[in-house]
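Chemist: Chains as they are written, first to last, in this note's numbering: chain E, 72 to 622; chain W, 72 to 622.
Just so you know, not all the hints are guaranteed correct.
The list treats identical chains as interchangeable, and a pair is accepted whether it falls inside one copy or across any two copies.
[To be verified] Keeping only pairs whose Cα atoms sit at most 16 Å apart, straight-line, the calculated EDC-like set for lysine to aspartate or glutamate is:
#1 K246 to E100
#2 K246 to D589
#3 K246 to E93
#4 K190 to D112
#5 K190 to D108
#6 K341 to E77
#7 K392 to D576
#8 K190 to D107
No wet-lab data here; the hints were simulated from the structure. Model, not experiment: these values are computed from the prediction.
Listed below, chain by chain, are the residues.
Protein chains: 2
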Amino acid sequence: MEFFAEHEETLRRALAAIASREYWSPYPESPRAYSDDAPQDGEQAFQDRLGRQFELDQPSHGYSTGGESSPYGVALDVSYPVAAVDDLVAAAQAAMQDWGRATVEDRVGVCLEILDRLKGNSFEMAHAVMQTTGQAFLMAFQAGGPHALDRGLEAVAYAYSEMTRLPGGQMRWEKPQGKRDPLQVDKQWRIRPRGVAVTIGVSTFPTWNGYPGIFASLATGNPVIVKPHPGTILPLALFVATARTVLAEAGFDPNTVLLAVDTPEAPIAKELVMRPEVGMVDYTGGSSFGSWLEANVTHALVFTEKAGVNSVVVDSAEDLKGVFRNLSVSLTMYSGQMCTTPQNVYIPADGIRVGEEHATFDDVAGGLAAAIAGFLSDDQRAGDILGSIKSPEIAGRIADAAASGEVLLESREVTHPNFPAAEVRTPVIVQVAAANRDAYMREMFGPVIYVVATSGTEESLRLAKESAQQHGAITWLVYTTDEEVMESAIDAAVEAGVSVAFNLDGGLYVNQSAAFSDFHVTGANPAGNASLTDAAFVAGRFRVVGVRISA
Amino acid sequence: MEFFAEHEETLRRALAAIASREYWSPYPESPRAYSDDAPQDGEQAFQDRLGRQFELDQPSHGYSTGGESSPYGVALDVSYPVAAVDDLVAAAQAAMQDWGRATVEDRVGVCLEILDRLKGNSFEMAHAVMQTTGQAFLMAFQAGGPHALDRGLEAVAYAYSEMTRLPGGQMRWEKPQGKRDPLQVDKQWRIRPRGVAVTIGVSTFPTWNGYPGIFASLATGNPVIVKPHPGTILPLALFVATARTVLAEAGFDPNTVLLAVDTPEAPIAKELVMRPEVGMVDYTGGSSFGSWLEANVTHALVFTEKAGVNSVVVDSAEDLKGVFRNLSVSLTMYSGQMCTTPQNVYIPADGIRVGEEHATFDDVAGGLAAAIAGFLSDDQRAGDILGSIKSPEIAGRIADAAASGEVLLESREVTHPNFPAAEVRTPVIVQVAAANRDAYMREMFGPVIYVVATSGTEESLRLAKESAQQHGAITWLVYTTDEEVMESAIDAAVEAGVSVAFNLDGGLYVNQSAAFSDFHVTGANPAGNASLTDAAFVAGRFRVVGVRISA
Chain E
72 MEFFAEHEET LRRALAAIAS REYWSPYPES PRAYSDDAPQ DGEQAFQDRL GRQFELDQPS
132 HGYSTGGESS PYGVALDVSY PVAAVDDLVA AAQAAMQDWG RATVEDRVGV CLEILDRLKG
192 NSFEMAHAVM QTTGQAFLMA FQAGGPHALD RGLEAVAYAY SEMTRLPGGQ MRWEKPQGKR
252 DPLQVDKQWR IRPRGVAVTI GVSTFPTWNG YPGIFASLAT GNPVIVKPHP GTILPLALFV
312 ATARTVLAEA GFDPNTVLLA VDTPEAPIAK ELVMRPEVGM VDYTGGSSFG SWLEANVTHA
372 LVFTEKAGVN SVVVDSAEDL KGVFRNLSVS LTMYSGQMCT TPQNVYIPAD GIRVGEEHAT
432 FDDVAGGLAA AIAGFLSDDQ RAGDILGSIK SPEIAGRIAD AAASGEVLLE SREVTHPNFP
492 AAEVRTPVIV QVAAANRDAY MREMFGPVIY VVATSGTEES LRLAKESAQQ HGAITWLVYT
552 TDEEVMESAI DAAVEAGVSV AFNLDGGLYV NQSAAFSDFH VTGANPAGNA SLTDAAFVAG
612 RFRVVGVRIS A
Chain W
72 MEFFAEHEET LRRALAAIAS REYWSPYPES PRAYSDDAPQ DGEQAFQDRL GRQFELDQPS
132 HGYSTGGESS PYGVALDVSY PVAAVDDLVA AAQAAMQDWG RATVEDRVGV CLEILDRLKG
192 NSFEMAHAVM QTTGQAFLMA FQAGGPHALD RGLEAVAYAY SEMTRLPGGQ MRWEKPQGKR
252 DPLQVDKQWR IRPRGVAVTI GVSTFPTWNG YPGIFASLAT GNPVIVKPHP GTILPLALFV
312 ATARTVLAEA GFDPNTVLLA VDTPEAPIAK ELVMRPEVGM VDYTGGSSFG SWLEANVTHA
372 LVFTEKAGVN SVVVDSAEDL KGVFRNLSVS LTMYSGQMCT TPQNVYIPAD GIRVGEEHAT
432 FDDVAGGLAA AIAGFLSDDQ RAGDILGSIK SPEIAGRIAD AAASGEVLLE SREVTHPNFP
492 AAEVRTPVIV QVAAANRDAY MREMFGPVIY VVATSGTEES LRLAKESAQQ HGAITWLVYT
552 TDEEVMESAI DAAVEAGVSV AFNLDGGLYV NQSAAFSDFH VTGANPAGNA SLTDAAFVAG
612 RFRVVGVRIS A
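Take these sequences, add in the hints, and give me the full structure.
Modeler: What follows is the structure, given as structure tokens:
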């Protein structure tokens, strides 16, 4: 198969990377690494989508705009084909006949080609992600394009690795029988898909969170029905269009990948996932529906990435400048609308050791508030960092948070220089006592930061652990210069099932999770049951049928 | 760790075998391969257990015989410590503290040593399995001892393989930043257990079906609560005793492995599995409770091996003698009380091609019935092949089956020469029309064989597939000399998710599934959701916590 041969080197390097966990990516994250025309062409391609029907030659009985609107106030008005669940499932099942029987190389080749085509459309995708999610352009480009492709490729590599653990073709099995002739049997292993896969997309990072499950299912032989969040459709529709084109070129039924658009008023996710033909569901989004899926979809594998309360524990530091600089970015980028953004910052009420000095609680908390205020004081920079607010509930959350403690920094409404209709809000920073659990031990998705005064790092870690075990958590960031504290923090993180980073004070932010190296979500606390990407995320998506032939 | 070093070569060979799928076993299946004293010592050890309390230094508040009795009529009267679910779960959780933090090598070393100790007790285990399950001695020895140990070792090898896919220790991750200094982070990966594991044992093959889940959970850091079937306790109690001894010797809390005994009148499985501390459940047994587990235990991984309707499809053969000889054994051994025993034999009503000749339906069906009648005509041999009936419902099933069609061979009550109290029954063979689905498309566990007259092999395969998809199936055996039929049968088997064997006419029986090579259950039909053993069976039993330290 040509596609496989063409991309085999990329696959081999991805396989090496998931083993070594060293840095690697085949998709440049810098917009400058692309051709001179690419930015302009991509923006034009995006503009050409607006106000039109998004054509897909898949089953449909009309067009709908879903519930899509741009947080930047740009008129999108893209309408998508809509189809009955029955028709989608039937089309997917029909497509599975050929796709499920294709060779591993054929399927993986198609997946690698889809990723490569998407790479070529990274600017169009960036505008689609920016305008539907409210991310700033650079984040939309990176997280929506190359970093998402990295995650997709990583899943393909895991799928390939799992499917090729058995000998290909036929082999002879020979069991000695003492003086008698040995038993001889020829054996083959046939890989078969699990069933129809459903991906339920998230409104904020539709491709980054969507590609892993989509590509893991696709590579292992399952057709995928992609149901985007009704508020963020275009990015996954672009994926579906690209995938269908490549599938058709390779001679497969394009219905191997289908788009399922719904509206907030008439959601179809429950009907879709409860279909008995469904073999796996990948979900990213709020905890409530994710927990419903985990509890109710018992006929299929369910992979969830829900939400949580992420923590920063400040114990000690050589220098606070780097701490403030790093936290100013990680606490504010995309207005805290990342599932990896820290929410609670635990600081000992007695203060901390900084180098040879003592810093009071107010030095730390006040310093952090001042650093964030300064960092976001310029409206242009604030717009570039914060992006726009996607969720309509966020204004209420800011007010709610402000009422629950002492406000160290008020949320400010920023007028975006380029998009005056955008809702841009700097975060509110609220100081609360450790005992005021109701205030901070809940997820306040968006620009809300709690500074929690504790009796010391031991309590900080205990509270962070309690909150992770009860409400989920994906990331912890700990500042300490003390080896023993570091060991205790690692112990607590392992028990809490949370990834932990230490002393980030440069250009790496705790929100970032690098494909081929970092696992996103551990699957060991209520933040989700899946881990992007490990063998457990992939291995159950196909099944093996053994064939024995008397020799 | 000494245990790991001592058994590392065994582990390495097991890892090679699960990759090559070639025949291999470190546990001799022939009783003659053991020391001269082993048979006598093992039998004596078993006899010494009878009529006594089975001592285990685990939490308990008394002793109970459960519901154990010997199908051979031997008085067992072994009583086991019983404990409250609360106490068992608390003890397991306490044990997980150390066990979950142990190194991969330490844990795997302990597992390998447990397997090795069990190997040394294979004769005691054989008598325990024989007298609790009703198996004949040789089957009890092989399936209860070495073959079960193979399956346990296979699970340990998969667990080791999965846990060692990431770099051990700490590594440097370095991301280029153009002209600026690269981002540098030191990374570690910490493996943590998923939670308390519960194994719910089966009455027929307690160790063979139990070891895979037990060892997969144990090797990956989870404590295991072993709840045997109340009618078959001793084999798993022997395992628990051995495991606890080795754990204690290695300095671990012996409560890492616990025995949970209940009675048919007061079952504890539901209470146990619904505990939130439980992270995984392994179950082998009837479909009804297995399906309940799949539908209700949503907070834990659930691995089931339930039941099904296995099929033989007779299309054509070079010679019927080998067919009859092979089927006589596979259809009768242990009175069909194996989840891999064929139940339905599909034969075209128009007969089949045999070599250059034509054989009528009656030639085939009648020939099979005569072959089985002859094979079991001698009471001593019948006893050695059939063993004794474990399940009290089987007599009713035989009568029920006989009433549903034309009886080709009546079930005969055999007096076992060595155990006159044993219930030994030859199978009933009933001829039914393909249209009489209600009769044969249901699981009739035990000595019931249906011969189904079909319109041809196409219908045979269609019915076998329908029955697998609706009721589950683990094995198919197809006799054909036609390449195209073989391909159609493989296609049908892949769709039905059933392992398929062709033309077995020698000493290998379709009921047998060889560790390191064959997968037992595909997980792709209602016969169960697990596959022994693949990566999907193991990979989710532990989780990985990433640690990033700014470099």
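Chemist: Regarding K392 and D576, is the shortest C-alpha distance of 16 Å or less found within a copy, between copies, in both, or in neither?
Modeler: within (8 Å within a copy, 78 Å between copies)
Chemist: Between the shortest in-copy and the shortest cross-copy C-alpha distance, which are at most 16 Å for K190 and D108: within, between, both, or neither?
Modeler: Within one copy, since 14 Å is at most 16 Å while 70 Å is not.
Chemist: My question is about K246 and D589: at a cut-off of 16 Å on alpha-carbon distance, are they close within one copy, between copies, both, or neither?
Modeler: between (43 Å within a copy, 13 Å between copies)
Chemist: Check K246 against E93 for me: Cα-Cα at most 16 Å, and say if that holds within a copy, between copies, both or neither.
Modeler: Intra 42 Å, inter 9 Å, cutoff 16 Å: inter-copy only.
Chemist: For K246 vs E100, is the C-alpha pair at or below 16 Å within one copy, between two copies, both, or neither?
Modeler: between (54 Å within a copy, 12 Å between copies)
Chemist: Between K190 and D107, at a C-alpha cutoff of 16 Å, which is it: within one copy, between copies, both, or neither?
Modeler: within (15 Å within a copy, 69 Å between copies)
Chemist: At most 16 Å between alpha carbons: which applies to K190 and D112, within, between, both or neither?
Modeler: within (14 Å within a copy, 69 Å between copies)
Chemist: Have a look at K341 and E77 and pick one of within, between, both or neither, based on CA distance no larger than 16 Å.
Modeler: Neither: 40 Å inside a chain and 53 Å across chains, both beyond 16 Å.
Violated hint: 6 only; the structure is consistent with all others.
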